[in-house]
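Full structure from sequences and hints, please.
Keeping their order, the protein sequence lines are chains A and B.
Counted the way the working numbering counts, the first sequence spans residues 70 to 556.
Counted the way the working numbering counts, the second sequence spans residues 4 to 485.
No lab work stands behind these hints: they were computed from the structure.
Note that CB positions come from ideal geometry on N, CA and C, so glycine has one too.
Worth double-checking, as some hints may not be accurate.
As the list claims (entries may be wrong) - Within a straight-line C-alpha distance of at most 30 angstroms, the following computed DSBU-like cross-link-like pairs (lysine-lysine) qualify: (1) B:K213 <-> A:K72; (2) A:K265 <-> A:K214; (3) B:K111 <-> A:K102; (4) B:K114 <-> A:K198; (5) A:K199 <-> B:K111; (6) A:K102 <-> B:K301; (7) B:K301 <-> A:K107; (8) A:K143 <-> A:K198; (9) A:K268 <-> A:K221.
To be verified - Counterexamples of contact, computed for chain B against chain A with all Cβ distances above 12 angstroms: (10) A46; (11) Q151; (12) Y155; (13) L219; (14) A468.
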Amino acid sequence: MNKPLRRIAIFCGLLVLALLIRDNWLQYAQADKLQSDKQNPRVAIQRYAQPRGDIIVDGKSITGSVATDGTDLKYKRTWKDGPMWSPVTGYASQLVGASQIESIEDGILTGNDDRLFFRRTLDMITGKKKEGGNVVTTLDAAAQKAAYDGLKNRGKGAAVAIDPKTGAILAMASTPSYDPSSFAGIMQKDGNTFGKLDKDKDKPLTNRALRETYPPGSTFKIVTAAAALEHGKYTNADEKTNTPLPWIMPGTTTPLKNEGNIPCKDATLRVALRYSCNTVFGKIGADLGKDKMLETAEKFGFNKEQFTPVRSNPSVFSKDMNTSQTALSSIGQYNTAATPLQMAMVAAAVANDGTLMEPYMVSQLQAPSLDVIEQHTPKKMSQPLSQKNAQILQSMMETVVSEGTGTNAQIPGYTVGGKTGTAQHGLNNSEKPYAWFLSYAKAKDGSSPVAVAVVVEDGSANRGDISGGGLAAPIAKSVMEAVLAKK
Amino acid sequence: MSSTTNPSTNHTSTIGSIGAPSRRNTELALLVFAVVIPVFAYANVGLALNNEVPAGLLSYGLGLGLLAGVGHLVVRKFAPYADPLLLPLATLLNGLGLVVIWRLDQSKLLKSIHQAGSAAPRQLLYTALAIGLFVVVLIFLKDHRVLQRYTYISMVGALVLLLLPLVPGLGANITYGAKIWISVAGFSIQPGEFAKIVLAVFFAGYLMVKRDALALASRRFMGIYLPRGRDLGPIIVVWMISILILVFETDLGTSLLFFGMFVIMLYVATERTSWIVFGLLMSAAGAVGVASFEPHVKTRVQAWLDPMREYTLSRSGVHDGVVHSEQAMQALWAFGSGGTLGTGLGRGHSELIRFAANSDFILATFGEELGLAGIMAILLIYGLIVERGIRTALAARDPFGKLLAVGLSGAFGLQVFVVAGGVMGLIPLTGMTMPFLASGGSSVIANWALIAILIRISDTARRPAPAPAPSPDAEMTQVVRP
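As structure tokens, then:
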């Protein structure tokens, strides 16, 4: 009877061995996959187990955490002035996940980042609770408030302010906005709120400053002017441009129209920019041709996503056009479309004497102990135009503000350069146009601390009232003033 | 016994015949560890959950120590030559089980759905009862061969126990699906756990008598021995019973357990491999048949094949007539999240398994909080218990003892495999409890009784034969050297 007993012993050993192998498969080979499985509730539990690190503006946190009464997910995110800051921070909801900075810097904020590993291990040994690190932004609370308040009064729109010297984003507002605190939890009402926001046809969840591309209209003429100067078509602002009026677009019989009766015949660049002559800039575009225009536009950042680190949609300057389409594109029509961030970069590049800096809004990542883990260093992105040409363009833009369409943006004690735009869109321009304004302010010493782009898509204003100078310029002015007040 | 004709196995059947050390002090030393380790684990849970050593630490330590001490003293007195490993291993598992049950009692989530809260004190009471039964068995069962007398009574008893859950008014549908519980005076009892032991007694007694007929009266067909039809009868009957259990009580695990135990004992009794072949074929046919017709078992099989799908179905609240359970996936996540070393006791989230988190699924908590290392240790402890049981069977001198010991250890091993394999997703999930670890009175009481019987058999096996009474007229024996 002992031989079968031994075999049974071996059989039972094999059963245990099978269990051991299965366990090794489960807890060793598959462990990482199961651990990080998005559906594994532990992922969310761990994420919300401790207060999230904060996002800092001007040395103060604009976020917080509050203990929930739920059983699993302990802390939820709160925001101070949520609607104002949500285009910067994004949301971090237990229900729908995180977006923008909350998502990109999630590792730092939750404390799970690899760069915090050593510290985390140390804390584990000393019995300290895990903490999240902080994200320090470049934003300027006063400028952000000015931008948000200005836009809120105007309905829909977006504004971006950049420090031209570094590329640091000082303000980024988008309206209508949303309060991320309103769906930060995981309860039924959080879901309802999010559902409502998600379905809202005004798209409050979209960060218009980065993710919406608008036809830039006349503000694009700055790019066209830069292309003309860079490619040597003109060498100064006061040279006659030899533009007939009316000007028939090449290959068509259609004359390109100006808005109203303005002195565009054979105007100089300065005059043409001041009055926003479509004929002059359309002809420049047609004369330079698609390739040269494209080259300059792309140097300004068109046709490329920007990572601030939050991704922006690429702005568009068509790569495939005939001459008349190039002419239309050069005055910001046809397929040309730009994000507010893109146009702020255009203004910043001009203000910074032709050097375009990479836009960014996270200046520092801090460990929970406030030690700096990562520090952003400003990086040059491109040189769309030379210093000399940039200064010529500055003088033209300054004329626009001192005696042209942008007088609403004048700031006493500073030199302001700018450009208005009223972009038509919709089939046969049936929809209400977008009001644009780009500007920068320059101090007496020649330094330029701020460049702004504002777009207002005002559904409520009269069609005739919509103009960059009227609607957008005052917002740009208050943003610039907020930045300058600190200098 | 065939071993008498087989020289290679001759020596093992007479192990430790004369002058074997009792090993009681070894047992005592191991018991100290078996008590101290759970006490540390208990302190560990308290520190992790509440940042303080739990208030009940001393009473828990004393309680477990007392129970282990009583067990040891009774073994020392009534079964002095017993296997020294069985008692400490069972004590260690039981102690760790208590700690983890207490740990799950602290979970707000489980409290809120009445799956835990006061299970640990109750389990401690059951453990005390179980040790009581352990003591009673050792004191009153002086020789396991006594059980041989109750062969057919055992059969009736086992059948009654198995059918009890089907009696209207007595059966309780506590867990989802399986009808394996009865409810008496407010207590839930799982008769299947006790039936396991009683049935082993019946099989051992029956096979001891019939093994020669089963082994020898057979025809050879295609290389294997086919038993005669009338000898095939009992195996068919047992097979039918386990299928009936499967169908009416929808309990895949218990049916597999009983059938497996029978096949093991039949094989040991007859030494005919053909029984194994028959057994495997029949259990496979039965399992496939039932799995394709019984919706409850079918869902379990589906959950085994694709736990994620079952999780999603359960989460989305689909109503298609069967209860979808997210437990299988939750258990896998628990194991995976534990990783190699585990989160540490009290730091996991196995309460997400919700239903039966502290009974059928208790191993998942061990997996998450003690990690691969902890589970391997626990599986090896179970393996050791089983192998010590089979070792006892090898050492036993009587066929009844051999059969009973191998039947009980085999059943124990199968149960561990079926439960652990089910929880870890190796095989479909069945509603059985992890011996000694899981919360539940029947399981712990029955398994302590099982250990008591094994200890009794091992004591009989290792006990030195009594010295022959000196006869006054015996002459001096002369030693003749060749």
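Hint check results:
| no. | hint | verdict |
| --- | --- | --- |
| 1 | B:K213 <-> A:K72 | holds, 19 angstroms |
| 2 | A:K265 <-> A:K214 | holds, 26 angstroms |
| 3 | B:K111 <-> A:K102 | holds, 28 angstroms |
| 4 | B:K114 <-> A:K198 | holds, 26 angstroms |
| 5 | A:K199 <-> B:K111 | holds, 22 angstroms |
| 6 | A:K102 <-> B:K301 | holds, 27 angstroms |
| 7 | B:K301 <-> A:K107 | holds, 28 angstroms |
| 8 | A:K143 <-> A:K198 | holds, 14 angstroms |
| 9 | A:K268 <-> A:K221 | holds, 20 angstroms |
| 10 | A46 | holds, 15 angstroms |
| 11 | Q151 | holds, 16 angstroms |
| 12 | Y155 | holds, 22 angstroms |
| 13 | L219 | holds, 14 angstroms |
| 14 | A468 | holds, 19 angstroms |
Violated hints: none; the structure is consistent with every hint.
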